[in-house]
Amino acid sequence: MEKDIGAELVEFAVRTKYEDIPKEILEFTKCLTLKTVAGMLAGSTTPTAQKMAGIIRDRKLPEECGVIGSDFKTSLWEAAFLNGYFAHAKELEDDRYVHGVSWDITVIPLLFPFAEKLGISGKALLEALVVGLEVHTRTCLFSTQHLGLFVVPGAIGPAVGAAKVLGLGVKETAAAFGLAMSGVPISMVNFGTDAHFFESALQCLQGIMATEMAKVGLSGNPDIATYLTAYLGKERVVPEEMVEDLGKRWVVQEIGIKKYPCCIAHHRQIDLVIELRKKHNLSFEDVEVIEVHSRRKGDIRQNRPEPEGANDLQFSIQHTLGIAMLDGDVGLEHFTPEAVFDSRLKEARSKVKFIPAPDDSPNGTLGESFDEPACVVIKTKDGRTFTGERKYAIGSFQEPLTLAQFRELYYKFTRGILSEENISKSAEKILNLESIDSVKEIMDIFSKDDK
Numbered sequence: 055m056e057k058d059i060g061a062e063l064v065e066f067a068v069r070t071k072y073e074d075i076p077k078e079i080l081e082f083t084k085c086l087t088l089k090t091v092a093g094m095l096a097g098s099t100t101p102t103a104q105k106m107a108g109i110i111r112d113r114k115l116p117e118e119c120g121v122i123g124s125d126f127k128t129s130l131w132e133a134a135f136l137n138g139y140f141a142h143a144k145e146l147e148d149d150r151y152v153h154g155v156s157w158d159i160t161v162i163p164l165l166f167p168f169a170e171k172l173g174i175s176g177k178a179l180l181e182a183l184v185v186g187l188e189v190h191t192r193t194c195l196f197s198t199q200h201l202g203l204f205v206v207p208g209a210i211g212p213a214v215g216a217a218k219v220l221g222l223g224v225k226e227t228a229a230a231f232g233l234a235m236s237g238v239p240i241s242m243v244n245f246g247t248d249a250h251f252f253e254s255a256l257q258c259l260q261g262i263m264a265t266e267m268a269k270v271g272l273s274g275n276p277d278i279a280t281y282l283t284a285y286l287g288k289e290r291v292v293p294e295e296m297v298e299d300l301g302k303r304w305v306v307q308e309i310g311i312k313k314y315p316c317c318i319a320h321h322r323q324i325d326l327v328i329e330l331r332k333k334h335n336l337s338f339e340d341v342e343v344i345e346v347h348s349r350r351k352g353d354i355r356q357n358r359p360e361p362e363g364a365n366d367l368q369f370s371i372q373h374t375l376g377i378a379m380l381d382g383d384v385g386l387e388h389f390t391p392e393a394v395f396d397s398r399l400k401e402a403r404s405k406v407k408f409i410p411a412p413d414d415s416p417n418g419t420l421g422e423s424f425d426e427p428a429c430v431v432i433k434t435k436d437g438r439t440f441t442g443e444r445k446y447a448i449g450s451f452q453e454p455l456t457l458a459q460f461r462e463l464y465y466k467f468t469r470g471i472l473s474e475e476n477i478s479k480s481a482e483k484i485l486n487l488e489s490i491d492s493v494k495e496i497m498d499i500f501s502k503d504d505k
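The working numbering puts the first residue of the sequence shown at 55, with every later residue one more than the last.
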């Protein structure tokens with residue numbers, strides 16, 4: 055008899071309690087949440103986020119809960135949507151790239167306003183975060199990139215996390231699972247545009263809608279095995295993998311952390327440039343050219359020597375590696391509309407040369423690009439050559455960040471947005487989430503900042 059994969063995932067979600075979750079998974083989830091909140095705060099400052107917030111603010115909806123990084127309240131559905139939009143707007147989402155793609159920017163942005171509205175404790179929120187993220191990563195195990203799509207199905211994890219917050223039973227959670235199953239994927243053609251953020255925010259919205267629909271008795275079919283097999287093809291899906299070692303091996307901890315506000319495909323190369331720069335005491339003026347050697351044809355998407363806007367900068371390998379050499383880090387200040395035309399940054403981009411993959415190399419998807427080490431070669435004006443290879447980015451599951459590094463990232467991405475006092479206060483509350491009585495304690499910091 056074949057396993058009912060959807061039923062097993064639903065049973066896991068409903069039955070798993072805080073006490074069942076290993077301490078290291080709880081700690082990782084709190085650190086991941088800290089980073090995701092930093093991304094929401096940073097994203098809220100962007101022109102695209104402010105325009106989207108304006109659309110929703112002008113609708114004058116019931117003030118049910120706050121929006122992280124904003125000075126107004128709105129209805130729950132719109133708050134979840136906006137938080138999701140903000141979380142992606144600075145390209146700071148944290149991703150699991152193995153075969154399929156999963157991330158943090160749908161479950162976490164949805165559950166914060168929902169927890170605030172319901173008045174639940176930090177411990178209850180943390181339990182729901184772990185369960186929602188685990189179901190999300192497991193249902194997105196299989197690659198959809200041959201279709202030009204990512205994060206399929208993207209709304210199940212958010213829906214299951216929201217069902218956990220509501221305390222729904224097996225029947226209602228199964229319905230929410232099914233109602234969230236078929237929805238908006240992430241389209242590769244929209245990389246570098248506002249539609250990229252819109253798509254992920256819609257997965258947050260579908261998650262909360264599915265859960266509230268299930269709560270009042272509307273139905274859905276959680277047959278994830280049949281859905282994915284029909285969608286992707288039988289040869290691409292092994293349904294049993296979604297429940298393999300369920301409750302013993304926690305896939306959520308395989309989400310890699312982004313240290314830079316740009317495409318994940320650049321992070322190993324950025325690490326290499328910064329490492330070579332420091333190791334050999336190189337200055338920007340020393341460098342003649344930085345060669346980034348592609349291993350797969352699909353890497354050509356990163357080759358954007360003349361980016362056309364702030365969003366395009368996030369996907370330009372010339373921009374990100376040039377900045378890394380110029381400033382020794384890649385930060386929010388490097389991805390503004392003004393940065394497109396900044397003569398200093400244009401010069402930095404001009405020093406980066408993208409070397410295409412050989413004609414006989416595989417096309418490769420974004421995830422498959424990580425199968426082989428990234429390679430960067432720095433050539434100096436005085437004839438020296440420095441080469442570096444790196445298979446895993448710092449912050450990946452294989453090279454995880456320390457708690458101190460998570461704190462540093464939170465400060466890096468929130469300074470100038472929150473006051474120094476509120477950066478410290480909010481970080482401590484998130485990192486001790488299980489100890490706070492109400493999530494409203496955190497949300498109030500983000501809506502009443504007085505920097």
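Watch out, some of these pointers could steer you wrong.
[Unchecked claim] Derived DEER-like restraints, expressed as beta-carbon distance ranges:
(1) D383 with Y72: 21 to 29 Å
(2) E117 with P359: 44 to 52 Å
(3) E462 with A284: 22 to 30 Å
(4) S273 with D383: 44 to 52 Å
(5) Q459 with N486: 15 to 23 Å
(6) G437 with E78: 47 to 55 Å
(7) A284 with T247: 27 to 35 Å
(8) V270 with G382: 51 to 59 Å
(9) E426 with E329: 16 to 24 Å
(10) D396 with K435: 16 to 24 Å
(11) D340 with E426: 25 to 33 Å
(12) E495 with I409: 45 to 53 Å
[As the list claims (entries may be wrong)] Keeping only pairs whose Cα atoms sit at most 16 Å apart, straight-line, the calculated EDC-like set for lysine to aspartate or glutamate is:
(13) K225 with D277
(14) K445 with E360
(15) K400 with E462
(16) K483 with E81
Simulated from the structure, these hints should not be mistaken for laboratory data.
Built from N, CA and C at the ideal position, the CB exists for glycine as well.
Taking the hints in turn, this is what the structure says about them:
1. D383 with Y72: 21 to 29 Å: For Y72 against D383, whose Cβ atoms are near 37 Å apart, the range 21 to 29 Å is violated.
2. E117 with P359: 44 to 52 Å: At 47 Å between Cβs, range holds.
3. E462 with A284: 22 to 30 Å: violated, 45 Å
4. S273 with D383: 44 to 52 Å: holds, 50 Å
5. Q459 with N486: 15 to 23 Å: holds, 18 Å
6. G437 with E78: 47 to 55 Å: holds, 48 Å
7. A284 with T247: 27 to 35 Å: Distance hint for A284, T247 holds at roughly 29 Å.
8. V270 with G382: 51 to 59 Å: holds, 54 Å
9. E426 with E329: 16 to 24 Å: Holds, since E426 and E329 (Cβ atoms, about 18 Å apart) stay within the stated range.
10. D396 with K435: 16 to 24 Å: holds, 23 Å
11. D340 with E426: 25 to 33 Å: holds, 28 Å
12. E495 with I409: 45 to 53 Å: holds, 51 Å
13. K225 with D277: holds, 13 Å
14. K445 with E360: Outside the cut-off at roughly 27 Å; violated.
15. K400 with E462: It is violated: about 28 Å lies between the C-alpha atoms, which goes past 16 Å.
16. K483 with E81: holds, 13 Å
Comparing the model with each numbered hint stated earlier shows that hints 1, 3, 14, 15 do not hold.
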